[in-house]
Structure formats: structure tokens, C-alpha cells
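Visitor: Protein chains in written order, with the numbering used here: chain A, 1 to 117; chain B, 1001 to 1197.
Note that these hints are calculated values from the structure, not bench results.
Heads up, some of the hints might be wrong.
Said to hold, decoys possible - Computed spacing ranges between beta-carbons, pair by pair:
hint, chain 1, residue 1, chain 2, residue 2, range
1, A, N55, B, D1006, 49 to 59 Å
2, B, R1186, A, K52, 57 to 67 Å
3, A, L71, B, N1078, 46 to 56 Å
4, B, K1086, A, L33, 21 to 31 Å
5, B, S1058, A, A62, 50 to 60 Å
6, A, R56, B, Q1061, 53 to 63 Å
7, A, V66, B, K1089, 30 to 40 Å
8, A, A30, B, A1188, 41 to 51 Å
As the list claims (entries may be wrong) - Facing chain A, from chain B, some residues (calculated, C-beta under 8 Å):
hint, residue
9, N1020
10, F1031
11, E1045
12, V1136
13, L1180
14, Y1183
15, R1186
By construction, the Cβ of each residue, glycine as well, lies at the ideal position given by its N, Cα and C atoms.
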Amino acid sequence: MNGDNRQLEQELDRLFAAYRDACEAPEAGADFLPRMWGRIEAAQSWTERFWKWANRLAVAAAAASVLMVVLQLAGQPRADFYSATYLETLMAQTEAETAPIELAGVPAEAPLESPQR
Amino acid sequence: MLVDFDIVERAQAGDAQAFNQIVHAYRRRIFGTVSRLIGRPEDVEDVAQEVFIRLYYSLDQLRSPEVFEPWLYRLTVNAALDYLRKRRKRKLEARVADLSEQQVMMADAAAGSKAQVDEKEKSRIRELVDSLLSGVSEEDRLLLTLKEVEGLSLKELEKIYRVNENALKVRLFRARQRVLRAYAARRAGEGPERTGR
């Protein structure tokens, strides 16, 4: 059994060697190199186009980001609103609520008198 | 190495002339390897071209010119595998006895001269080995072909596949055992027959 196996192994080795000889490499065509360079250049031009577009897209995205930042800053409320403390804000609100009501054409300081008959 | 290290370095630096020298030096070897890996002579040139194009684009990733050959073999194996996967997808996979048109024409033309008898014999061997190798996965078939047919050492395969020697040994052993069993079955079915030379 072992001897048979060894014989088979040897036959297989010989078969692989014969296979190597039987598979002759085809000769390269005369246009092998020009075609290869053609494919490389085609791929390169595609890559270049892709990078050009990618760069343009990146520039446009950066410009849009800057514009959005500017717009956001311009639309922000005045800074002094935020600089007031909570107490100051509360006081300002209380003052506004307790201020005398000013009627149209009537000065606020003028006492309200009952009409004399 | 079929080219000097400095040519590889020049090609890495973008020298087209140096790259052409590499292609000239390795073209025949790559054609042979691709031919044995994919088994379809009519597609060998395309796959070989793909190997060199991949080489062109990946040369800058090569750490040192000393590992250039394993690198090139790696690209060859990957290109062959990609080709085989695409072919399988297209359901055009060559079966064991599915000879290419060129081979069929050659077989038809065979008629009696010594050269023709030789060609018939070569064709029979190709058919037999392709048939035996079809019993293992494409990855294992490629590995086995590189080892048994191309004659690469385990050290070289280790560099190409970037796996340790023991893992390769196990994989090769299993694949070879499968092929051996298929060969034994064929021998038992056909009776004594010439094998190879």
C-alpha cells in the first residue's frame, strides 16, 4: 500500500513536470508594450480627471462652509444680551413690569383726577 | 533576479525606461506562469498586461528591491485569481476537458508527424492535469501550481502569500492529497496508462 502510494506520488511529480513543459507560454504580441502603456495612460487620465473633480468639490465645500459660518455669525443676537447676569436681567424685567402705564397723550407723572362736574 | 536592483529603484522613482526594462525581463516568465495558472492561452496576454499595470501602480509601495520578485508573483497570483473569479461569474469557466478553440484546432490538425504526435501528447497531459487540479479550490489550485509546476520553494511561497510556512505546508499537503486521490481513482478506472514522460 505504502509502496503503491510512493509510486503514485512519483508519477504525480512526473506528471506535473510534464505539464510544465506542455504548457508553453504564448509569445507576447508586438503591441504588448504600446497596449500596456495605453492602458496605463488611460487609467492615469481617468485618475487625473477624478482628482480634478475631487479638488473642485473640496474647494466648493470649503467655500460653502466659510459662507455658512459668516451667515451664522451675522445672524447672532448682540453680545451684550448675553453679557448681562441673571440678576440684571431679572431686575430689568421687574422694572419693565412695575413701570407706570403710559397712556397716549397723558404724561405718566400726571395724577389721575376724577372729572369735576 | 532578472534585473538589477537599481533598475527597480529607478522604476520606483518613475523612470518609464526602467519600467520597460523590467517588463522585457519578466515578460516571458509572467506569461508562462499566467498561462499555467489560468489555463487559457487566449487570455494570457490580457492577464499578463494586468499584472504589469498593477506593478506600475504599486511599485511605490514596494519597501525594498530585494522583495521585488515575490511582490511580482503576488501580483500575478492576485491577477490570475481575479481573472478566474470573473470567468466563473460569467459562467465561462473552462471545465476539465473544455479545451480552448486554439487547442481544439491544434488537436484537429494533428495527423501523424512527430511534432503533431508530441502536440497530441502535450494536449493529453494538459487535459489530465487540469482535470486533476479541478478537484481543489481555485486558491489551492494556484498554490499547488506555483509549488509543483512552477517549482517555487516554501520560503518563496511564504513571501508571496505572507503566511507562515506551517500553514502553507498543511494547505499544500491537503491539496496534494486530494489531487493524488483523484489521480489514483483515475488510474484505477482506466487501468495502466502512460503518465507524462
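Visitor: Under 8 Å, Cβ to Cβ, is where B:E1045 needs to be relative to chain A, so tell me if that hint holds or is violated.
Guide: holds (6 Å)
Visitor: Between B:R1186 and A:K52, does the C-beta distance stay in 57 to 67 Å?
Guide: Since the Cβ atoms of B:R1186 and A:K52 sit about 59 Å apart, the hinted range of 57 to 67 Å holds.
Visitor: Within 53 to 63 Å: is that where the Cβ-Cβ distance between A:R56 and B:Q1061 falls?
Guide: violated (28 Å)
Visitor: For the range 50 to 60 Å, tell me whether the beta carbons of B:S1058 and A:A62 fit it or not.
Guide: violated (32 Å)
Visitor: Quick check on the hint: B:L1180 CB to chain A CB, less than 8 Å?
Guide: Check passed: Cβ of B:L1180 comes within 6 Å of chain A, closer than 8 Å.
Visitor: Taking the Cβ atom of A:V66 and the Cβ atom of B:K1089, is their distance within the range 30 to 40 Å?
Guide: violated (47 Å)
Visitor: Does B:F1031 pass the interface check with chain A, least Cβ-Cβ distance below 8 Å?
Guide: holds (4 Å)
Visitor: Range first: 41 to 51 Å. Now tell me if the beta carbons of A:A30 and B:A1188 are that far apart.
Guide: This hint holds: roughly 48 Å between Cβ atoms.
Visitor: Please test the hint of 46 to 56 Å on the beta carbon pair from A:L71 and B:N1078.
Guide: Holds, since A:L71 and B:N1078 (Cβ atoms, about 50 Å apart) stay within the stated range.
Visitor: Using Cβ atoms only, decide whether B:R1186 comes closer than 8 Å to chain A, and label the hint accordingly.
Guide: Not OK, violated: B:R1186 not within 8 Å of chain A, min 11 Å.
Visitor: For the hint on B:Y1183, does the least C-beta distance to chain A fall short of 8 Å?
Guide: Status holds, d = 6 Å.
Visitor: When you take the CB atoms of A:N55 and B:D1006, is the distance between them in 49 to 59 Å?
Guide: violated (35 Å)
Hints 1, 5, 6, 7, 12 and 15 from the list above are not met by this structure, while the remaining hints are.
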